[in-house]
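**Q** Residue strings, one per chain:
Number of protein chains: 4
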Amino acid sequence: MAFPVRTCALVGRFADARVAESVATLVPHLAAAGVTVLVHSQAALGPAPVTRVAEEDFGLRADLVIAVGGDGTLLHAARLVARHGVPLLGVNRGRVGFLTDVMPQDMLASVDLALRGELSSDERPLLAARLVCAGGKVAEALALNDVVMQKHDTGRTLEFETRVNGAYVNTHDGDGIIIASATGSTAYALSCGGPILEPHLDALVIAPICAHILSDRPIVVSGRSVVEVTLLERPDTQAHVTCDGMVLGALVPGGRLQIRTAAERVTLLHPPGQDYYKLLRSKLHWGRGSFER
Amino acid sequence: MAFPVRTCALVGRFADARVAESVATLVPHLAAAGVTVLVHSQAALGPAPVTRVAEEDFGLRADLVIAVGGDGTLLHAARLVARHGVPLLGVNRGRVGFLTDVMPQDMLASVDLALRGELSSDERPLLAARLVCAGGKVAEALALNDVVMQKHDTGRTLEFETRVNGAYVNTHDGDGIIIASATGSTAYALSCGGPILEPHLDALVIAPICAHILSDRPIVVSGRSVVEVTLLERPDTQAHVTCDGMVLGALVPGGRLQIRTAAERVTLLHPPGQDYYKLLRSKLHWGRGSFER
Amino acid sequence: MAFPVRTCALVGRFADARVAESVATLVPHLAAAGVTVLVHSQAALGPAPVTRVAEEDFGLRADLVIAVGGDGTLLHAARLVARHGVPLLGVNRGRVGFLTDVMPQDMLASVDLALRGELSSDERPLLAARLVCAGGKVAEALALNDVVMQKHDTGRTLEFETRVNGAYVNTHDGDGIIIASATGSTAYALSCGGPILEPHLDALVIAPICAHILSDRPIVVSGRSVVEVTLLERPDTQAHVTCDGMVLGALVPGGRLQIRTAAERVTLLHPPGQDYYKLLRSKLHWGRGSFER
Amino acid sequence: MAFPVRTCALVGRFADARVAESVATLVPHLAAAGVTVLVHSQAALGPAPVTRVAEEDFGLRADLVIAVGGDGTLLHAARLVARHGVPLLGVNRGRVGFLTDVMPQDMLASVDLALRGELSSDERPLLAARLVCAGGKVAEALALNDVVMQKHDTGRTLEFETRVNGAYVNTHDGDGIIIASATGSTAYALSCGGPILEPHLDALVIAPICAHILSDRPIVVSGRSVVEVTLLERPDTQAHVTCDGMVLGALVPGGRLQIRTAAERVTLLHPPGQDYYKLLRSKLHWGRGSFER
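Protein chains in written order, with the numbering used here: chain A, 1 to 293; chain B, 1 to 293; chain C, 1 to 293; chain D, 1 to 293.
I should point out that these hints are in silico values taken from the structure, not numbers from a laboratory. Since the structure is predicted, the reported quantities are computational estimates derived from the model, not experimental observations. Hints are supplied without guarantee of correctness; some may be wrong.
Since the list gives no way to pick one copy over another, a pair counts as held whenever it fits inside one copy or between any two copies.
Unchecked claim - SDA-like cross-link-like pairs, simulated, lysine to any residue; straight-line CA separation at most 20 Å:
no.	residue 1	residue 2
1	Lys278	Gly117
2	Lys278	Val226
3	Lys278	Arg83
4	Lys283	Ser215
5	Lys137	Ala17
6	Lys137	Glu56
7	Lys283	Pro28
8	Lys283	Arg93
9	Lys137	Asp112
10	Lys278	Gln105
11	Lys137	Leu280
12	Lys278	Gly166
The whole structure should be built from the sequences, with the hints applied where relevant.
**A** What follows is the structure, given as structure tokens:
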């Protein structure tokens, strides 16, 4: 992270009223601090002291990226900066997120700390997905939360095999499978019965989606593993692969999907007093309103 | 059920080798018994003493329908005969199904009992789904197992509301929702954390699919309930409704999906000694291979 | 329910400060309304215009019972009045309960409505448990929520069989089993993976506790069923049976536990605007604080 | 492991007929190979060429320990040798175990390989539990699978707090909590909704038992963590702590339970062709008998 911060990129769905409100406060604040503000060239933003550039250039030009919105916005921002080591700050739109942990009312104070390099930073590994099509064509992408192989269209379930470091694990029958990082363990994988992983645990969760076999349970493997998914022939089978919710491509019988921990990492900035378990307690309603037997 | 059985329709994917093998045995056996055998006009069947008619006519012309294949085949046959009271016998292709409970080796003996009206019969209620589009257009279908509203395409999760008999139940966030009959409780709903319902319990299961909120658990309501699902506005939301896996149509914000128990019922025939819990023990590997702590 | 209400019994842990506070308000309010107030002969209550009688006499002498505390207190009160048809009103101590649904601030208004017979009433079936020891000795009790057979002492798991109406269901291996009424489906059974049952559904939940076999899932059967549990011989096996948390006795190999819906019912009174799904939404944090993917 | 193996200890419930049968074959086989066979001084064994010593001496005197029985027997053997580095071979009594992975029919061949030092060996970390009573008294024990804090007697649920490396995690309400090693993840923790951990993953599972709060889900933390459990004051609360099922003592309000990975490890010997995922597939019925929708 370069200090002092001279250039800051803003990422968000600016058309959303709550996001727009935060951005309207944020832009003059940054400008007053002498910081150049970058936004997407197509950003739905009125006249403002900003510089419009292609999002793909944020990684090269910005010293700091601020994502305003939900976790989905931060995941998008993470892809933009993954290869450039630019730190990310996530401001949520109202409800605290697992990744966007700055509350709106604390935004300016947290941004000021970020500009001075006084926020604590937190490196999170990314997942690298490699999708090899039957014809040999390869598609690749990074993901902070998860890589998901899932039935496409509302159709029949999928039958597929998993391997870890080349060793055959299981033949699954169900809606698909999630390979999540520790960071992503509290996202989609949690809805599918996966465990919560400490964010810095060097491990991956392999969580089947709506598995037919009730004992087909989530597996936690070392973060240094290579997980491979292949699809069995079945009539009408259609499977799509997504990285953090973005479509990477179709998995077909004969092709294969490989997931491993990437060399790239994302640097998240956290507000003072941030505490992972406090975040969990808040998000998961732990310890509140328990019902009495 | 009309006796003696003079006309029997066969339903199955005849192109499947295991199905074809059973059918090759079955057709001459029925013919030798003086029974007219109906098959789909497009059935992939070689020269055989069969009468080809449109599937839609099975309900009117057959005294008995034999479904050869998996539970999916029987669900298809059930739709063909639902309004006609023609009994159904399900012959599985190798692995016992929840619905196709005649083993291949017992096929001829069970068929003979069926022809003489000596199999026990078992009436199962159907679900009636009514999908009202925003423009007022209505699509309707019956289902033996379940009606499913699910995200279409590999996209964002759905936000939707449920009502039971007009009373607001919950606002859900997830991949969709299943409304299953007691019969369907051991199908998709079981993979989504739903309970097993006795097949003759007059009740419905409402089971969310991969719900975000971990306390958004399956609810069991009276079989006389009307369940209604409506979709909230969210960007990129696409939802499809299926009945026993067949697409009924798209649910969009402003439209609604209503599910209730239908007036129609399906008559299933069962082989001697059939026992629901025995079937469960076999399908779910109960009491076998338990691991020791 | 006899009107006007002349005698009202109060049930609660009066030693608890929050309960005492409610009772201190309630007693003079009832006395001023000309109602005789009964309390347990050993009740930890200072000088007050109350009549002390044995709890066992509440059913015979009271026209109304008010349970102040959590759901556990109401379950206790339900046992006292089950055979007498005396209605029950539950006032919770702060957090809303599934059964004690009158909030402290609404207590006096709800009590006034109860005295005038203007609260809606709601009949809930009870479960009847019958525990037959190896020697033939029989113990019986009623339960509003559930009958639980569970390993006693921190020891080895139990191996046991279940039957429904005499039909063998399964041989289980685990910590025990819960047979819950629809009312009790949101209590212990919910923590063990059971579904939520509409409170008036005529059904029972059979939910294994920490089952070894991962496919040993909760089953919902008709409320007219007889469920039987027997224990297999295993070294060091110890099992206890509880009804709504109160010990009924020990189940030993050779003995058997039978559960069915009792003839007795409990009449619960509910405050105006009570809505079962609203209660669920509040207790289970539905629709609030969902996390974003 | 000392070679050649001169002394071998046998551990098992010799009174069990199946165990006795294996032992009757094993003892002369070992004797013929010139190996001294040690058994517990009180072992229920007829005349045989064995040396009876206190079990506590197995660790010092044996070069190899063979556990004949279920996983419980191997856990017992593991405690005997934990501090001595003596390798363990587990022979199961019929059903394959997660730890006793030598099938009876392969016993002699595997034992011969073990005597020649030709079996693959596999080091598994142990857990160290430290139970501090309110008065300051300390009890300590090792566990290969898990340390469990659980309600004692069939009583009220427990309210307790967890901390990881001193950081407050959650206040739980339920039947107790399991801290399992990767090895123990497929034992009790799996029955409580925990994930499967690769056996060599340096991690612990913290899995609540029948938690009231439905979002109180299993957490996976680094194997270098210290997990602490403390009990809150609640009337009638009784909690017991067990290590691999053996009672360590009572946890009371004011006391605390600490679990960390021990310095000691256990060396397990595995038969040729052993494969962890093959074991899982066999134990969990993966890929077999899937039901069709």
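**Q** Quick check: which numbered hints come out false for this structure?
**A** Violated hints: 1, 3, 5, 6, 7, 9, 11; rest satisfied.
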